[in-house]
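Residues per chain are reported as follows:
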Amino acid sequence: MVQKASKEPTLVPLDGVVVLEGEEENCCSPDSVSDCCTPAMGDVHARAGIMVYPFVSGWLDTPAGEVPRVSPVITDADRRGTIAMRVGIGRDSYEITPGLYAFGEPGENSPVIVTCNYKLTFDLLRSTLKKLDLWVVVLDTKGINVWCAAGKGTFGTAEVIKRVKESGVEKVVAHRDLILPQFGAPGVSAHEVKRATGFKVNYGPIRAEDITAYLDAGLVATPSMREATFTLKERVVLIPVEISLLLSPLKWVIPLLFILSGLGPSIWSPSAAVTRGFALFMGLFAGGLGGAVILPLLLPYLFWREFSLKGAAAGAGVTLIGLLLFGGALNWLEALSLMVLGSAVASYAGMNFTGTAPFTSPTSVEKEMRRWVPIQIGAAAAALAAWVGGAFIG
Amino acid sequence: MQGYDYLGINTLHFDAEKCVGCGMCLTVCPHAVFVKGEGNLKGGKVALDKPSKCMECGACAINCPVAAITVTPGVGCASAILHSWITGEEASCDCSGGGCC
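If you read the protein sequences in the order shown, they are chains A and B.
Counting in our numbering, the first sequence tops out at residue 1863, every number present.
Counting in our numbering, the second sequence tops out at residue 125, every number present.
Same shape as in the complex, but just chain B (with noise of 0.2 angstroms):
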């Protein structure tokens, strides 16, 4: 997604020791945040190379089969987040009927 950086903190975490280099993860990230690694994907592995452009969305986490990667996924709603310091209840989408996303 050119044009557009955010503060790029988030909490992905990628253990190339476990990836078994299946691509999953290149398929699924909306942000390329994956690419191949060195040698060819079958057996290979891919690597980091966009750490910062990570939202968070957790697609690559759910979808890796060998649990290479952890990401916490979250609600990046600003009223959600607000309604949980609030209440003390965590974010959701819900805060008006699931009107904020």
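Isolated chain A, as found in the complex (with noise of 0.2 angstroms):
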């Protein structure tokens, strides 16, 4: 059972403890006489409130005191987490306590690596780097992954600073060298962490699957190891994420279209609402569709630059199939309407990509929004005048 760590942890007496969340019942704990579970070594190390994370396998005496060792095992409770995020559940705190871990059996030369306290890149390297021995030095990243803390600032100089020394980790090791991912260098300037702590930081791959090679070359990574990716697979696993981004407007949004949908030659219809604002809410899907799954499937083959066309365009066509399978009770002037707003949903709901795409300026994106937001409201207003209109010609 994984148990959430409390934003501001007042009492964390060990990294790889986590203290509960107040009311929260807990059968580990020690003043349990319950067996429903027994954590690994929670009886040495858990405090009434605190528990062990499930993935600590033990602990290593070492001169910076007991560091928790982490088991490489992905368990089901692990994967269920991970779905979770993936589908935007819960993504505000998916966290692990900050400080030192040992990934299988480290010593003084072992290597050094920095990551974030997102869990889902902490289990990442659970898994990829089961076989290796290394410290890993956890930032407090508020739970967020290494790029876009990076970016905040969390993933930053001072917070490296701060965990290199409380961490003890120059007791631990004979050498001064730290590996960071690369994703880590917008917020971490190396040449001030070298000064402050002696530690020279080394900026390894972007990716975690490449820090086995990174290591073997004697901390050399190729050209293709430090340039960013977006393929297809890495586009897919963000679809259910760019989805659930387009759900919350909806509670305001549906209500709308089912009472432009009943207004027509008798004021206002029931009847009319129901099936005409059923066929609305259809082509708002078919935008939806097309800007938050087709756009990032089809990304590099939806050749324009700016988001908004390429969401634009691939909304047009899911649009299009949609009228031309379900469509046939529509007038033309329903059918335009459709076709407006479901390439204008599209074209905002791709707009939104530019974010997760690793290949887009701040400065270009508030550009393209210049040019297009007023062009998808514009739309979007003509669009839902349209379907009004579209009544009155039956």
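Check the hints yourself; a few may be wrong.
[What the hints assert, rightly or not] With the Cβ distance kept under 7 angstroms, some of the chain B side facing chain A (calculated, not the full set):
{"#": "1", "residue": "Tyr30"}
{"#": "2", "residue": "Ile33"}
{"#": "3", "residue": "Cys81"}
Don't read these hints as lab results, they were simulated from the structure.
All values reported here derive from a predicted model rather than from experimental measurement.
C-beta: ideal position from N, C-alpha, C; glycine also.
If you follow the hints, you should be able to join the two separate chains into one complex; please do so.
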């Protein structure tokens, strides 16, 4: 069972130990006589209100004190957590306690890797680096991934310096090298870390899968390890979150759709509200599908540079197919309205994908938005006006 | 990053005069914007190769020991920018509890 770490733990005696949230019942507490679960080393290290992370398989005695040893075995609970993150559930807190952890049987010559405290990232390292002996310094990035945390500065110079000093890592290794993910570089000044701690910052590869090769080569990354990619697989895993971000406005959009759809020659018709409202919703759905699913899938093949245009094209395509398959009962104005609406919604949804794509400069994004947001709003308004007009030409 | 071109405008500025050729920018840039310039890196200088590929992450600037590079890093998240237009606040990833990135 994974317990949520409280936002600001007031008592965290050891890395690998998490403070439970106030009211939660816990059968694993040391005060409990229940044997429903046996925390690995909980009898020694847990206290009332505190439990040991399930992934801690033991403790290493080091000159810097006891260091939790991390199990490389990814459990079903870990997998469930990963899936929840991917579909956008509870994304605000999926973090582990910062500090020093041990992978395998590290010694004084083992590499020191620095990472964020987003558990998805931590689990990726656990499964990717299971054959290695490493020290891992986990920074407090508030449960945010390395790239975004570096942008915000929480994966930053001050935090690296603080954790390196507090963790006592200088007592457990004989060398003075840190390995940071390259995607942490926007937040960290390597020369300042060196000045403050004596540790040299080595920027490792972007992707965890390349770490072993990087270590084997003597901390040398090939050019391809240093280059950002946006492969089909990397784009596909983002789709559920893109969809979940579109869902929140629906609670006020859907009532609006039904109110608009009921308008017509009889002023307002409940039956038209339902049948035409459903058709209008499907136009919206086609747009969402185009912008949040088709655009990520076909990103390199939608050859326009602006994401708004890529999205509009994807949305127009999906809406057109939908109209050809299911749109027989609509008049020409209604069909036109749905085409415009689907394209506008997909254009907006597609524009949001700029934030995820690792090749979009904010200056360019803002320029695109200045051009396209007014078009999107204007097109959506015109489409809705045409939809109401369509009721009158029956 | 082959196959992906965006609008290509950014705030990257490189001052070759100050460059000491340490090569840190070559290491941290995820889009190979910089290349080794004339001569060897040590004592030589780097040069801008593909400035339009810059995504303004700021890694080169913060890791340049002689401040030869400037770039204004920002949030490239459309909903964050929209939020900043409406509220007048600075764009940040916090729009939905960090959910947008």
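| Which hints from the list above does the structure break, by number from lowest to highest? | When the structure is compared with the hints, none of them turns out to be violated.
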